[in-house]
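Letter by letter, the chains look like this.
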Amino acid sequence: MTAMLSIDGLWKSFAGFVATRDVTFELLAGETHAVIGPNGAGKTTFFNLITGHLRPDKGSVSFEGRDLVGLPPQKIVRLGIARSFQRINIYPRLTVFENVQVALIAHEGQQWNLFRPGRSLHRQGTQELLELVGLASEAEETAGELSYGKQKQLELAIALASQPRLLLLDEPTAGMSPQETGETIASVRDIVKARGLTLLFTEHDMSVVFGIAERISVLHHGEIIASGTPDAVRNDPEVKRVYLGEHAHG
Amino acid sequence: MPQRRDLIASAIVVLLLALLPLAGSRYAIDLTTEVMIYALFALSLNVLIGFTGNISFGHAAYFAIGGYACAILLTTYGWPLALALPAAVVLAGLVAAVVGYFCVRLTQIYFAMLTLAFAMLVWGVAFKWKEVTGGDDGFTGIKMPEIIAHHVGYFYFTLVVVAAGIAALWVICHSAFGLTLVAIRENSVRAGFIGVDTRHMRWAAFTVAGTFGGLAGALFGMYHRGMYIENAFWTESANVLIMVLLGGIYSFIGPIIGAAVLHLLQTFTNQYTPYWPTVLGLILLVIVMVLPDGLIGLVRRVRARGGRP
Numbered sequence: 001m002t003a004m005l006s007i008d009g010l011w012k013s014f015a016g017f018v019a020t021r022d023v024t025f026e027l028l029a030g031e032t033h034a035v036i037g038p039n040g041a042g043k044t045t046f047f048n049l050i051t052g053h054l055r056p057d058k059g060s061v062s063f064e065g066r067d068l069v070g071l072p073p074q075k076i077v078r079l080g081i082a083r084s085f086q087r088i089n090i091y092p093r094l095t096v097f098e099n100v101q102v103a104l105i106a107h108e109g110q111q112w113n114l115f116r117p118g119r120s121l122h123r124q125g126t127q128e129l130l131e132l133v134g135l136a137s138e139a140e141e142t143a144g145e146l147s148y149g150k151q152k153q154l155e156l157a158i159a160l161a162s163q164p165r166l167l168l169l170d171e172p173t174a175g176m177s178p179q180e181t182g183e184t185i186a187s188v189r190d191i192v193k194a195r196g197l198t199l200l201f202t203e204h205d206m207s208v209v210f211g212i213a214e215r216i217s218v219l220h221h222g223e224i225i226a227s228g229t230p231d232a233v234r235n236d237p238e239v240k241r242v243y244l245g246e247h248a249h250g
Numbered sequence: 001m002p003q004r005r006d007l008i009a010s011a012i013v014v015l016l017l018a019l020l021p022l023a024g025s026r027y028a029i030d031l032t033t034e035v036m037i038y039a040l041f042a043l044s045l046n047v048l049i050g051f052t053g054n055i056s057f058g059h060a061a062y063f064a065i066g067g068y069a070c071a072i073l074l075t076t077y078g079w080p081l082a083l084a085l086p087a088a089v090v091l092a093g094l095v096a097a098v099v100g101y102f103c104v105r106l107t108q109i110y111f112a113m114l115t116l117a118f119a120m121l122v123w124g125v126a127f128k129w130k131e132v133t134g135g136d137d138g139f140t141g142i143k144m145p146e147i148i149a150h151h152v153g154y155f156y157f158t159l160v161v162v163a164a165g166i167a168a169l170w171v172i173c174h175s176a177f178g179l180t181l182v183a184i185r186e187n188s189v190r191a192g193f194i195g196v197d198t199r200h201m202r203w204a205a206f207t208v209a210g211t212f213g214g215l216a217g218a219l220f221g222m223y224h225r226g227m228y229i230e231n232a233f234w235t236e237s238a239n240v241l242i243m244v245l246l247g248g249i250y251s252f253i254g255p256i257i258g259a260a261v262l263h264l265l266q267t268f269t270n271q272y273t274p275y276w277p278t279v280l281g282l283i284l285l286v287i288v289m290v291l292p293d294g295l296i297g298l299v300r301r302v303r304a305r306g307g308r309p
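Protein chains in written order, with full-length UniProt numbering: chain A, 1 to 250; chain B, 1 to 309.
Do not take every clue at face value.
Claimed, not checked - To give an idea of the interface, some chain B residues facing chain A are shown, with a C-beta separation under 8 Å as derived from the structure:
#, residue
1, 26
2, 77
3, 81
4, 83
5, 172
6, 175
7, 179
8, 188
9, 194
What the hints assert, rightly or not - Non-contacting residues of chain A with respect to chain B, defined by C-beta distances greater than 12 Å in every case (computed):
#, residue
10, 52
11, 88
12, 127
13, 134
14, 138
15, 141
16, 155
17, 159
18, 209
Simulated from the structure, these hints should not be mistaken for lab results. All residues carry an ideal CB built from backbone N, CA and C; glycine is no exception.
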């Protein structure tokens, strides 16, 4: 397999605090890859650097051979990288349906059409995506009034509407009940398989991580301290010491 | 497409307005003409506020540019109305595009302050460029085409132009473009991550708002047979902002209701007391404290409580 995303010597600091320290990383096309690490390890910053929300101080990020550094989020998503957010990031006063519809309008480049009624566009595509994430019966509800778990599902539908080849999910199950977590992970796995997506995700729940990831990278103080198959990472002495050990005790 | 119910309701309103000169006094006709002009002005501002989530404190600038440009082209240069009016509207739109180019680089209060700064600049030009604008004497004695010189003719002219303007704004606000603007209002960061260039979209919204604001201004100048520097002053920007807030920013027709209510209140208040600014202050207080989503929001809440759909 070839590298879909290559990151080389990436640095980012905020007012002296180093959030990303010399990260070098390769994501293979078609793999499901988890980034784990304690709170504050720099996982979200890492995602923000890839998707153009933050600009790295140093280093390179390239996607399918194309340099991403300096590109704004709206250009990067058009290259085929979509993401969801750890903290809910939807359009609260729009309906669930419109939340997804707007993403399809943007994906098709129709946001400059001043004449075609927005509500008539992509009705079928929107419906299909809502069915895929299990929100079809909530289509006409106001998005901000959905339960937390359902808003997370909506995040996923919005990200999928951009027809990505690489999907980045930042803690897709954070704040969910164990049952919701199980359902969400099962549906993510099905979608990724059905659409042939490459998936990069962060996650707190170790059973989720070891359940679906094919490879795992461990971030600690902004540095990748281990990267490899679940078994290799589980048995890595450094990882055991800084991270998994904490869980073993707890 | 618009709901059939909305189309029928709009047609009835236009028809009733068209019948007004048969029954109404000169006073009623003039007052209605003013309300229609303000309704278009307020709607144009709401493209920015309600649909894009960007609050402009300087919308009077485009109103004034449209008004002065139309007046000057008609009078000083003797252009026919069919050229002067479109040219004035295009000029207001062009200036909005230039100003907007800088304003949309900022957000929130910094955006608002920059719109105010540019509007004060426009006021300054109207004030100082005496040989063209008439300075603080105003630009008076606008030459009006025969057909709309009479107040009834002007009423019908305003009705047609405002109805067309509102229809155009309706189409724009409900288009794919308009829905994307609402997404930017709701969450501009997220809009970026679905592939929307939010700055360009906000720039376009700014230009649309300025263009239609200019159209309202041109109608206003001709109606009064003159333009005055007060029309470009920041208080005029505040006035239209209050109209929008009073009606309700989250609905298309809210600003129309707000413009009508505020203008009629002002007119009637002025007949009894010179303390309009005090009344205006009280209205603003009520909006901020109890009507955050305006009169339309109030109607919606009352309906929801009554259990009606």
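Check on residue 155/A being off the interface with chain B, judged by Cβ distance over 12 Å | violated, 9 Å
Hint status (Cβ of residue 188/B to nearest Cβ of chain A, threshold 8 Å) | With a closest approach of 10 Å, the residue 188/B hint is violated.
Residue 159/A and chain B, when compared Cβ to Cβ, separated by more than 12 Å = Label violated. Min Cβ-Cβ 8 Å, cutoff 12 Å.
Interface-negative label, residue 127/A against chain B, beta-carbon threshold 12 Å = With a cut-off of 12 Å, residue 127/A remains clear of chain B, as the shortest Cβ separation is near 17 Å.
Status of the hint placing residue 172/B at chain A (closest C-beta pair under 8 Å) = holds, 5 Å
Given as non-interface: residue 88/A, partner chain B, CB spacing beyond 12 Å | Check fails; 10 Å does not lie beyond 12 Å.
Restraint check, 8 Å cut-off on beta carbons, for residue 175/B near chain A | holds, 5 Å
Over 12 Å to the closest beta carbon of chain B is the bar; see if residue 52/A clears it.
-> For residue 52/A, whose nearest Cβ neighbour in chain B is about 8 Å away, the distance does not exceed 12 Å, so it is violated.
Per the stated criterion, does the least C-beta distance between residue 134/A and chain B lie above 12 Å, as a non-interface residue requires?
-> holds, 21 Å
Is the nearest CB of chain B more than 12 Å from the CB of residue 209/A?
-> At about 24 Å from chain B, residue 209/A clears the 12 Å cut-off, so the statement holds.
Grab the minimum beta-carbon distance between residue 138/A and chain B and tell me whether it stays above 12 Å.
-> holds, 17 Å
May I ask you to test the interface hint for residue 26/B with respect to chain A, counting a Cβ-Cβ separation under 8 Å as satisfied?
-> violated, 39 Å
Hints 1, 2, 3, 4, 8, 10, 11, 16, 17 from the list above are not met by this structure, while the remaining hints are.
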